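Chains A and B, in that order, are what the protein sequence lines are.
Heads up, the first sequence is in my numbering, so the first residue is 1 and it goes up one at a time.
Heads up, the second sequence is in my numbering, so the first residue is 1001 and it goes up one at a time.
Don't take every hint at face value.
[Stated by the list, open to error] Residues from chain B that face chain A, not an exhaustive set, calculated with beta carbons under 8 Å:
1) N1034
2) K1042
3) F1049
Treat the hints as calculated values from the structure; they're not laboratory data.
Note that the structure is a prediction, hence the values are computed from the model and not measured.
Ideal Cβ positions, reconstructed from N, Cα and C, are used throughout, including at glycine.
Each chain is listed here by its residues.
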Amino acid sequence: QVLLQESGPGLVKPSETLSLTCNVSGGSVNNYYWSWIRQPAGKGLEWIGRLYASGSSNYNPSFKSRVTMAVDASKNQFSLRLSSVAAADAAVYYCARSSSPVTLGIWGQGTVVIVSS
Amino acid sequence: DIQMTQSPSSLSASIGDRVTLTCRASQSIDSYLNWYQLKPGKAPKLLIFAASSLQGRVPSRFSGSGSGTDYTLTISSLQPEDFASYYCQQSFSMPYTFGQGTKMEI
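Just chain A, with the same shape it has in the complex:
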């Protein structure tokens, strides 16, 4: 049974870079689509983007050039970097895995990110 667990600093200062990791257990990172989704407090879900294990990526244009995703097969991890964070980036961040490009099949429990100086 594959399990995803997000991890990260929890607190990030404005203008800094947020770095999150999705640790994958019980399965490989290879041959899957990996996505990040977030949910600000009291709001709905927002798709940030996705990466196929081979390296092809699709990002939500609303994040412009701030976002980078990567897969590290040696560590069985999937990562997110979001630069120049602001208060609006505070949210619960989820990672998700899917064998299909059009679903988000398995999710992690999420990790809370606060943006504050």
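Put chain B on the given structure of chain A with help from the hints.
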């Protein structure tokens, strides 16, 4: 971006009730519509994909239907574990977008 609109935004229901949630897209999404269940502190769960296909291990009381711009999620007989928030998501075009959710309460 394709806008997804869910209704109602919240719903009060009882155990055993049959409930139907709706999701409308701002343009046709050709059944590229998924439904997710979210509970606080738990991993979100894919319930329905491609508008009407039940994800594995999801109870058969959940069903989805629809086409074009209009879709529904039906729970035939509410169970205590079904009280949660439900989100639709279109995967017809990027960026993928979600509805604002329906919160189901007892």
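Now the hints, each set against the structure:
A least Cβ separation of about 6 Å between B/N1034 and chain A falls short of the 8 Å threshold, and the interface hint therefore holds. With 8 Å as the threshold, the beta carbon of B/K1042 comes within range of chain A, its nearest partner Cβ sitting at about 6 Å, so the hint holds. Given the 8 Å rule on beta carbons, the hint for B/F1049 holds: about 5 Å separates it from the nearest Cβ of chain A.
Checked against the numbered hints given earlier, the structure satisfies every one of them.
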